[in-house]
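Residues in the sequence shown are numbered consecutively from 1, following full-length UniProt numbering.
Calculated from the structure, these hints are not laboratory results.
Quick reminder that beta carbons are idealized off the backbone N, C-alpha and C, glycines included.
One should not assume that every hint holds.
Said to hold, decoys possible - Label pairs and their computed distance ranges (CB to CB):
hint, residue 1, residue 2, range
1, Y37, S7, 38 to 48 Å
2, Y37, D70, 36 to 46 Å
3, E41, S3, 13 to 23 Å
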Amino acid sequence: MRSFLRSLDIPRLIKFSVVGGVGLVVNTVALFLLTNYVFGERLYLIAAVISLEISILNNFFLNEYWTFRDRAGPTGIPGRLSNSTAQE
Numbered sequence: 001m002r003s004f005l006r007s008l009d010i011p012r013l014i015k016f017s018v019v020g021g022v023g024l025v026v027n028t029v030a031l032f033l034l035t036n037y038v039f040g041e042r043l044y045l046i047a048a049v050i051s052l053e054i055s056i057l058n059n060f061f062l063n064e065y066w067t068f069r070d071r072a073g074p075t076g077i078p079g080r081l082s083n084s085t086a087q088e
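With these hints in hand, go ahead and build the complete structure from the sequences.
What follows is the structure, encoded as C-alpha cells:
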C-alpha cells in the first residue's frame, strides 16, 4: 500500500480533480443558459445534451493542455478527442 501511495502523482491528481470541478460548473452554467435563454424548458433534453458536450470538450482540452501536457500520444489531438468523446 505504501508503494502505491508513493507512486501517486499528487499534483496531477489535484489538477485532474480541479478539471472535473470546473467541468461541473461549466455543465451547470451551460445548462442554465441554454434552458433559460436559448431552448426553453420544453427542449430541456436538447439543452442537457449540448451542455454535456460542452463540458466534455472543456474537460478534454483542460486535461490535454494542463493536466496531461507531458503525455501526448501518437494519435494527436483529433484522435484522442474522438476516443474521448466516443467513450463518454
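Hints versus structure:
Distance hint for Y37 and S7: a CB-CB separation of about 47 Å, consistent with the stated range 38 to 48 Å. The hinted range of 36 to 46 Å is satisfied by Y37 and D70, whose Cβ atoms lie roughly 39 Å apart. Remark: the range hint 13 to 23 Å for E41 to S3 is contradicted by a beta-carbon distance near 53 Å.
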